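Line by line, the protein sequences are chains G and W. Each residue of the first sequence is one higher than the one before, starting from 1 at the first, in our numbering. Each residue of the second sequence is one higher than the one before, starting from 1001 at the first, in our numbering.
These are calculated hints, taken from the structure and not from any lab test. Do not take every clue at face value.
Calculated Cβ distances over 10 Å to all of chain W for the following chain G residues [to be verified]:
#1 6
#2 286
#3 433
#4 442
#5 473
#6 527
#7 531
#8 646
#9 670
#10 679
#11 718
#12 760
Straight-line C-alpha distance at most 20 Å; calculated SDA-like pairs for lysine to any residue [what the hints assert, rightly or not]:
#13 G:612 / G:577
#14 W:1288 / G:19
#15 G:55 / G:80
#16 G:577 / W:1151
#17 G:187 / G:12
#18 G:479 / W:1194
#19 G:343 / W:1157
#20 G:273 / G:453
#21 W:1350 / G:80
#22 G:343 / W:1177
#23 G:423 / G:388
Some chain W residues well away from chain G (every beta-carbon gap over 12 Å; in silico) [claimed, not checked]:
#24 1005
#25 1019
#26 1100
#27 1280
The structure presented is a predicted model; accordingly, all values stated were derived computationally and were not measured. The beta-carbon is built from N, C-alpha and C at its ideal position, and this holds for glycine as well.
So you can see what is in the structure, the chains are spelled out below.
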Amino acid sequence: MKVSYNWLKEHLDLDLTVEALSVQMLKLGFEVAGHQRLGPAFTGVVVAKVVSREKHPNADKLSVCVVDDGATKWNVVCGAPNVGAGQTVAYARIGAVLPGNFKIEGRKLRGVESQGMICSRSELGLPKDADGIWILDQGPALGADVGSLLGPADDVLEVEITPNRPDCLSHRGLARELAAYLRTELKPLGGGMMESTAASLPVTVEDGKACPFYGARLIAGVTVGESPAWLKTKLEAIGLRPINSVVDVTNYVLHDIGQPLHAFDADQLAGSKIVVRRSKAGEKLLALDHKTYDLPEGLLVIADAKKPVALAGVMGGEETAVTTATKRIILEGAYFNPAEARKSSQKTRLRSDSSYRFERGADPEAPRAAADRAAALILQLAGGSAAKPTEAVAPRQARAPIRADVSAINAILGADFPAQAVKEVLASIGDLNGAGAELSFMAPSWRRDLETANDLAEETGRFLGYDNIPYRMAPIAAKAARLTLIETASRRVRARLTALGLCEAYNYDLLSEKALAACRLSADGQPQVANPLSEDWAVLRSSLLPGLLKNAQYNLGRGADAVRFFELGKTYALRGKAVDEVWRVAGILLGPVLDARWQAARSPRASFYDAKAIIEDLLEKSGAVAWVQLSERSAGRAASDPLFHPINSLRALINNVPIGTVGLLHPRVARAYDLGREDAVVFDADLDGLAGRKTTASRFQEFSALPVSRRDLALVLDKSTPYKDLEAVIRSCRIEALQDILLFDVYEGKNIAADKKSLAIRLTFGRLERTLTDAEVNVAVETIIAALGRKLGASLRG
Amino acid sequence: MEREAPTTRAAWERSCARIESALREAGAAAAEDLPKLEEVRVRFLGRKGELTELLKSLKDLSIEDRRALGPKAQGLKASFEAAVGARRAALEDASDAASLETDALDLTLPAVRAPRGRLHPLTTTLHEIARIFQLMGYSWAEGPFVEDERHNFTALNIPEDHPARDSHDTFYLQDLPLLLRTHTSTVQIRALESSRPPLRVVCPGRVFRHEQLDATHSAVFHQVEGLVVDEGVGFADLKGHLQAFLQQLLGTSTKTRFRPSYFPFTEPSTEVDVQCFFCPGSGCPSCKHTGWIEILGAGVVNPVVLKSVGYDEKKWSGFAFGIGVERVAMLLHGVRDLRDFYTNDLRFLKQFDESLL
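Sequences are here, hints too, so could you generate the full structure?
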């Protein structure tokens, strides 16, 4: 809210600087977010008369004027075409300072001495009204300071008022708060008006709960014109555009004492009556903002005999607006229920200073006095005669006093404020009764926010100072702090993945259907946002991978040659009327593993097998993992499946439940993200599933201090035999002393038949208690070779 | 040349004298390189070496002869071994000296790095905030991101048509009475519903606001909510806990300022500022020239909230607070545009490490 310091001072005596006032307001909970100084941004500019004007001897566009500032005549070179003898102008003397710290000095212009400058409005930092120099009215004396003609300087503060304090949304409201806090008196409001006994017009309120008070006063015989300078200055100071005297008065009263008012042109009201009712289907309102609003059924409107003329508490209609042609006005002063005003404002997306106050809660007792004050001002500025207002008043529930005691207030604050101090605070805000420590507090009508002992504690705290409440550590029998399962798992996974050299990414949970489609994922079955910011944010994600693919594409496009990302986040799925949220972890690897380009041989690109290692590491200690190709029927299903390469991808299962997937991208997805030639590998795992699994603690296993025996075998097998079969056959030989199988070469090509491949493995044998003899090892190796030959048709490479 | 093992003392002494002169002649100490030195060593001390044989042949002599001649033979061997050893050391030193030069690496070539993983700065910031509260006995609590009106608004004393909803521009789900939570305060309600007091929880997580993205606004961001409920808890405890937290986070000399504010679910409410740590309180762009930086919102739990989840609000009281993780991360790391946290530009992410974890 914009607050004029001059205006504020009309309501209470303040001798604080703006800075000091801001500090006090902050202590009360009102932040001053901005401060603007209004007033002349220049010095040394005086009223002067142009005595003569002649053409400059050396320049076509310049003229040489003689100006009289009342004391002396000066020679001034001027470039404005509209300058002429006889004009009263703003003359910047030598030594004047114009906006932008522009100092006026005597100097020669094209050979002619110029002793100052004749100013335009924009040169003085004032709003421009016409081209050329500023021609003043004849009134002011020559030599008078132009700055002081513009009225007193003012400071305009941008004050942030929290939604619980609508009573402070006016100059008097804020002054009232400050007066209580600073222990000074609020100045009395002037006023009083003459009214005739003439009746205004009939008013019917159909819903007394929605509109407990409606007053309408007829003022006849008005002459609506421009507002006087004092009023325009006030409105302009707080950023309002003056319209006409009647409208300006209603705006003034709103910002002065906080009561929204409205004035209708009485002659435009059909049937000369006012009905406060609910809108009917199909009704429209052409509002003061020149837009037509389709009113949904059931909004509270002010109507004449035919149709709505205002959306109650929000905005009036254009057709019944007061203009300079208006002769008779109806001045409305009413109280509308906050929920009604908010509903109307939200349904029509129409907001105004009026709706802002009504929806936060105006003072229900204020409309009558405020309307009287406005009527008196209208009579003063526009003439006419005021009739007696018609009022429709619904009985209102009386508010109960708040009962609390000082110790309860101190307990809420954790403070030890003396009873006397607490009582003084509360007495400055409302009516305080009660004996001893027992308090009975009646909140004033404008403080709808005060209802409980906690509210009184806040008032006490604000006024006596949050700074004066001690620092204390809650006297709690604390339990040991615990993490959730998912957070424990998240930390383990983050530690593991960063150790494996992956960078953590954060993507938004919302995706476009297009992004899903690029990943071959469907938006069906996904929760969608009813009011997305844009179509890029329409669907809750079913997988983290679309985000990570975008990140990879983004970074490759900006010069990165390797990308190793992971993300922990939620994925979503519709389940009936509910939404399932599942924590997942996903990642992408692409490009050289080592940052060692000058040692190219040591820097292979990330492959499927790198990603496989990552997911194996993640699943370590979570139980026995079964691996199946994604295309196999037994693989189960996961939301991100279509994104993977159907053949070159593996699904990990624990107890037959899918837990994660690792693989290459589906070629179409790779192309969509310009990763066609990047052989990116991705993984995706169920973090909730991992978190739910009990991990086994590491247990020490004894190893032998004795030497082991190693045997290397080069085996030739059918190309189609998977490596895991080789391992399975070796294991099936049940050789107890076999400690390890290490694959150290895979070879196809020269010297190997086209349908064969060569696998080189190293077998390690050993026993805890003794060294093996060569003979024992030889027997074991023979057994293995025989089994491989029998079951896989493998032979030793010759 | 006599190669038979000498079986008599005289023969042995002849052999010995011959070997002694051969040793002198061979000149182990003068061998010109390591292979030559080894050749000499093998000639005399190899398995069939001349000196080895001589020593072996001692066994064929009488005990008296052995006693008389043994030390001489051992002396010969020891001095030969010493000479070989000395020469070997000298030759190795010389060869090392040569290879030190020729094997020189260009030590200024760039280091070869295993890929280095990094946690996102929002993770480290969130963990740091939560860690401090965990030290103060706060357990970790979580709640769903997709919420209902009750947990996000009404149970928190924000009924429909409440103007406080203005600052909670909300994403609603299509065809469902659900929304994306606008604050982690929802977890206050969930924690109160699922456990009994006394209660100390910290609820970090992602929240959503229907706001256009710019340098200081994001439709997705993170908060850390805190909630303490016990008997006799008041505003003073809130001040104590939050000051302790801020001094842990920002340094023990951090000055804090508690000023009145408004949240529907706390009463009294406060916003907490810390003295600007970019300027000594004198004003700079980071603190908008006020000397203070707003860091969190807090308040005494409104009894209406406790009542809405079935607590006896006469017995229990508490305080709650909410911290914007992005805001803290921006302040700690000097990040100026909030969107940088969600772009995942490696040039951004690589500037942060996990040392805060």
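To see whether the hints hold, each was checked on the structure:
1. 6: holds (24 Å)
2. 286: It holds; residue 286 of chain G is separated from chain W by about 26 Å at its closest Cβ, greater than 10 Å.
3. 433: Residue 433 of chain G is indeed farther than 10 Å from all Cβ atoms of chain W, at 23 Å.
4. 442: holds (19 Å)
5. 473: It is violated; residue 473 of chain G is separated from chain W by about 5 Å at its closest Cβ, not greater than 10 Å.
6. 527: violated (5 Å)
7. 531: violated (6 Å)
8. 646: holds (28 Å)
9. 670: holds (19 Å)
10. 679: holds (17 Å)
11. 718: holds (36 Å)
12. 760: Residue 760 of chain G is indeed farther than 10 Å from all Cβ atoms of chain W, at 26 Å.
13. G:612 / G:577: violated (37 Å)
14. W:1288 / G:19: holds (15 Å)
15. G:55 / G:80: Holds: residue 55 of chain G and residue 80 of chain G sit about 12 Å apart, inside 20 Å.
16. G:577 / W:1151: With Cα atoms ~17 Å apart, residue 577 of chain G and residue 1151 of chain W stay inside 20 Å; holds.
17. G:187 / G:12: holds (5 Å)
18. G:479 / W:1194: holds (16 Å)
19. G:343 / W:1157: holds (18 Å)
20. G:273 / G:453: Given pair residue 273 of chain G, residue 453 of chain G is violated - Cα atoms ~45 Å apart, limit 20 Å.
21. W:1350 / G:80: violated (60 Å)
22. G:343 / W:1177: Measuring from Cα to Cα gives roughly 19 Å; hence the hint holds.
23. G:423 / G:388: Violated, at roughly 42 Å.
24. 1005: Label holds. Min Cβ-Cβ 37 Å, cutoff 12 Å.
25. 1019: At roughly 40 Å from the nearest Cβ of chain G, residue 1019 of chain W sits farther out than 12 Å, so the non-interface label holds.
26. 1100: The claim stands: residue 1100 of chain W keeps its Cβ more than 12 Å from every Cβ of chain G (closest is about 23 Å).
27. 1280: holds (18 Å)
Comparing the model with each numbered hint stated earlier shows that hints 5, 6, 7, 13, 20, 21, 23 do not hold.
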